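Visitor: Read off the chains here:
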Amino acid sequence: MLFITGVCVFFAAAITVAIVVFFFKYHRRAPNAVGIVTHEDSRLEAVWMIVPLILAMAMFGWGAVIYVDYRHTPQDTLDVYVIAKQWMWKIQQPNGLKEINELHVPVGRNIRLIMASEDVIHDFFVPAFRVKMDVIPGQHYNTMWFRPTKPGRYHFFCSQYCGTNHALMGGWVTVMEPSDYAAWLSGSSGGNANAAVAGEKLFAEKACITCHVANGTGRAPSLNGLYGAQVLLADGSTVIADEAYIRESILQPNAKIVARYPPSMPAFQGQLTEEQILALTAYIKSLQSQPVPEKGSGIAPPTGKR
Amino acid sequence: MSNTPPTPNYEMPRTHYLNATYGSGLRSWLLTTDHKRIALLYLCSVTVFFFIGGVFATMIRIHLLTPTGALVTPETYNKLFTMHGVAMIFFFLIPSIPAVFGNFLIPLMIGAKDLAFPKINLLSWYIYIIGGCFVLYSFGTGGLDTGWTFYTPLSSVYSNSAVTPAVIGIFINGFSSILTGLNFIVTIHTMRAPGMTWFRLPLFAWAHYATSLVMILGTPVVAITLLLAGLERMFHLGFFNPALGGDPILFQHLFWFYSHPAVYIMILPAMGVVSEIIPTFARKPIFGYSFIAGSSIAIAVIGFLVWAHHMFVTGESTYAALTFSFLSYLVAIPSAVKVFNWTSTLYEGSISWDPPMIYALGFIGLFVIGGTTGLFLACLGLDIHIHDTYFVVAHFHYIMVGGAVMGYVGGLHFWWPKITGRLYPESLARFAAVVLFIGFNLTFFPQFILGYLGMPRRYHTYPPEFQVLNVLSTAGASILALGYLLPMIYLTWSMRYGRVAGPNPWPATGLEWKTESPPPTENFDVTPEVTWEPYDYSNRPDLGLAAPSPPAPAHSDD
Chain V
0 MLFITGVCVF FAAAITVAIV VFFFKYHRRA PNAVGIVTHE DSRLEAVWMI VPLILAMAMF
60 GWGAVIYVDY RHTPQDTLDV YVIAKQWMWK IQQPNGLKEI NELHVPVGRN IRLIMASEDV
120 IHDFFVPAFR VKMDVIPGQH YNTMWFRPTK PGRYHFFCSQ YCGTNHALMG GWVTVMEPSD
180 YAAWLSGSSG GNANAAVAGE KLFAEKACIT CHVANGTGRA PSLNGLYGAQ VLLADGSTVI
240 ADEAYIRESI LQPNAKIVAR YPPSMPAFQG QLTEEQILAL TAYIKSLQSQ PVPEKGSGIA
300 PPTGKR
Chain G
9 MSNTPPTPNY EMPRTHYLNA TYGSGLRSWL LTTDHKRIAL LYLCSVTVFF FIGGVFATMI
69 RIHLLTPTGA LVTPETYNKL FTMHGVAMIF FFLIPSIPAV FGNFLIPLMI GAKDLAFPKI
129 NLLSWYIYII GGCFVLYSFG TGGLDTGWTF YTPLSSVYSN SAVTPAVIGI FINGFSSILT
189 GLNFIVTIHT MRAPGMTWFR LPLFAWAHYA TSLVMILGTP VVAITLLLAG LERMFHLGFF
249 NPALGGDPIL FQHLFWFYSH PAVYIMILPA MGVVSEIIPT FARKPIFGYS FIAGSSIAIA
309 VIGFLVWAHH MFVTGESTYA ALTFSFLSYL VAIPSAVKVF NWTSTLYEGS ISWDPPMIYA
369 LGFIGLFVIG GTTGLFLACL GLDIHIHDTY FVVAHFHYIM VGGAVMGYVG GLHFWWPKIT
429 GRLYPESLAR FAAVVLFIGF NLTFFPQFIL GYLGMPRRYH TYPPEFQVLN VLSTAGASIL
489 ALGYLLPMIY LTWSMRYGRV AGPNPWPATG LEWKTESPPP TENFDVTPEV TWEPYDYSNR
549 PDLGLAAPSP PAPAHSDD
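Quick mapping for you: the protein sequence lines, in order, are chains V and G.
If you count by the numbering used here, then the first sequence holds residues 0 to 305, one letter each, in order.
If you count by the numbering used here, then the second sequence holds residues 9 to 566, one letter each, in order.
The shape of chain V in the complex, shown without the other chains (with noise of 0.2 Å):
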């Protein structure tokens, strides 16, 4: 930041100067008077191409470091769920605890959110943390993550535009202590069902057990172990399933079909509101800790095999 407003600044004030101190000191002295003609230089152009170019590659070099940084997620962070829609914000701890416009988080911790909407695109943006990402209806989260360093209470916005009361459309994120964190997460958690409770109810009511059963004897792969692990797809090639694979199976179960298994699966696309599909996300997520049966899951057998 400092070296591009350092940049800018000097080659504004520089060309400002050049024209102010030109516009007088060639001021016309005669009314038939004419200029005196300068030669082209094509060196002086090569210079003012390469000069101005290097210092922008150096701001392209820097500004890419911190985008890469920023857009990989690391490891071991605090998941928060954050549903858009207009014009509020739902934000659900990991613990299933839900807050509207309103978003504690621990301080020290990397946190991050995965977020979604329910209708048009919004965009969550903590202006104090430098961090923004748009959230975006359809078939994929977008996730950011970010590390407070500093308690207090911090706005934040919807920056895209989103409609009649976009700019209603903020809140505060608190960060506390961690010691507080917790204690506020336990203290005002009653009446939240767990997310991933919430989830196993609704896989058995919307008949999602029925194919995928947990020991693998059904007609669709068991969901054990699944979250985090690679898929092996029909066409051969492996994906994580991650959250956003896990959405899109949910949504459009034809997008990537599972190895071995028919296409059978009904699209939820526009069935499901999208607390439902975090639930159930949630849910399956909680499954990760359970053993995979040997055969009927998805899982892509370690590399070794192949």
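Please note that the accuracy of each hint is not assured.
[As the list claims (entries may be wrong)] Estimated spans, in silico, between C-beta atoms of each pair:
(1) V:GLY269 with G:TYR327: 29 to 35 Å
(2) G:PRO471 with V:ILE53: 37 to 43 Å
(3) V:ILE239 with G:GLY253: 23 to 29 Å
(4) V:ASP68 with G:VAL476: 32 to 38 Å
(5) G:GLU473 with V:ASP68: 27 to 33 Å
(6) V:PRO150 with G:GLY253: 40 to 46 Å
(7) G:LEU493 with V:ASN109: 54 to 60 Å
[Stated by the list, open to error] Covered by chain G, according to a simulated footprint, are these stretches of chain V (three or more residues, beta-carbon under 8 Å):
(8) 31-38
(9) 46-59
(10) 129-136
(11) 143-157
(12) 165-175
[Stated by the list, open to error] If you only want the chain G side, here are some residues facing chain V, beta carbon under 10 Å, derived:
(13) ALA251
(14) ARG291
(15) LEU330
(16) SER358
(17) TYR467
(18) HIS468
Rather than coming from a laboratory, the hints here were simulated on the basis of the structure.
Predicted model only: the values in this text are computed from it and were never measured.
Glycine included, every Cβ here is placed at the ideal spot set by N, Cα and C.
We have chain V already, so just place chain G on it with the hints.
Guide: Frame of chain V, contents of chain G only:
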């Protein structure tokens, strides 16, 4: 001014394009195929849209005086900034310089009688008017609240405003742009006077050549994109709506594929204007002619490859973001080359303080700020923070208002004597230029700071800590408004009462100044032959200037 040659008492030519009688009255204007009259039709119609857009802007700035909003409801506020954007971008900025000055000047500058397709030229004005009527209909019946960017699925599903007529209007208007671009390209290729080689073309013509390429290649994409959004809205076809299997991000790719290059449709012609004004009022050949001409083409080409820098925080692939950031930095270089060459042209010039020069120098100052703040936005790490904040608003207003509109008003002052045959009050014009410059900076510079502090754009209400900067900005806007009203008044006044200008009042070297002011309908009595290099003041005894001082000592490597 004492430093311009004493002007003989010219008289207006007896017949010229304004009073030539073929048919009479309104009919002779509405059915004209004269490029100069069509240019004036455009001048009137873009002024109407500029005025409409300006009224919306005024209301926006008044509303933002207080944190809770001083004037209108949230719905109305959203409509105001949307309609401000649509009116200004599609119906003022994009047609402004090309359709007014490009139309008027390109045939004159290259020594032709008219554009290559005069009837198509008239058609493109009618298309513009029809498109404009659809958009005005949309403004009048419920307004438009999607933002000028029409992001889906907000525009195609959720908005309750009159999106469909607006989208149809912009779709129709696109053809006007395409036809104008086509006309310019064919004209510049085929209708140059004897001796007018490519490298003797005025830089204004080069800039319009580059602009026309963008118009022809880009406009069809945005037209069809908006049409798809309209079809999705009317018939629920799933292009962009995820609930119907569409992809909302696809819209952004298609939209910016045109709308980023469209920025160059707005700024390149203004750069062309400045490239004419600077050598004229420094009375010396422009420094680095071929580099300025080449940089116009480079901007038009690279400008097509940077569109996804509007989408760094949509979750697009990191590799795509890196590529688009890199290319965005590349496009900065040709713009920098132009600025350096303009500044060098001033060196050892004979600089007059005539109003067009004040506007052109103001343009450079504002364009440099607008351009360098683009470097902040192209920087991936920084863009995460300042994307969709007032920083962006300030940046593009510096380019489009500080740049394109300054160039437009500067051009108006430069060619006004050619268009109307009369001069305007110079001191008043100089004063207006300074008022514009100060008012503009006071309006938009605070917005950079607002954006950096985190105020998102398109907010009808904001946290109280942002109030001081918003009040500053509104105060600046009232000065800016004065800066626009002044020229409207004295230019109109001068049409009747201004001093008669004569064919070449500045004097300038272009072919357009070789004919009478205002020019006859056929432009030239005799087809001119070009024997001099562009902006050459040394070998032009006909301009009545002093013999040039001996040229500066040549460099050892020349």
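Visitor: Each hint should be assessed against the structure and marked as holding or not.
Guide: Results for each hint:
no. : hint                               : verdict
1   : V:GLY269 with G:TYR327: 29 to 35 Å : holds, 32 Å
2   : G:PRO471 with V:ILE53: 37 to 43 Å  : holds, 40 Å
3   : V:ILE239 with G:GLY253: 23 to 29 Å : holds, 24 Å
4   : V:ASP68 with G:VAL476: 32 to 38 Å  : holds, 34 Å
5   : G:GLU473 with V:ASP68: 27 to 33 Å  : holds, 29 Å
6   : V:PRO150 with G:GLY253: 40 to 46 Å : holds, 45 Å
7   : G:LEU493 with V:ASN109: 54 to 60 Å : holds, 55 Å
8   : 31-38                              : holds (count 8)
9   : 46-59                              : holds (count 8)
10  : 129-136                            : holds (count 7)
11  : 143-157                            : holds (count 3)
12  : 165-175                            : holds (count 3)
13  : ALA251                             : holds, 5 Å
14  : ARG291                             : holds, 4 Å
15  : LEU330                             : holds, 6 Å
16  : SER358                             : holds, 4 Å
17  : TYR467                             : holds, 4 Å
18  : HIS468                             : holds, 5 Å
In summary, this structure violates none of the numbered hints.
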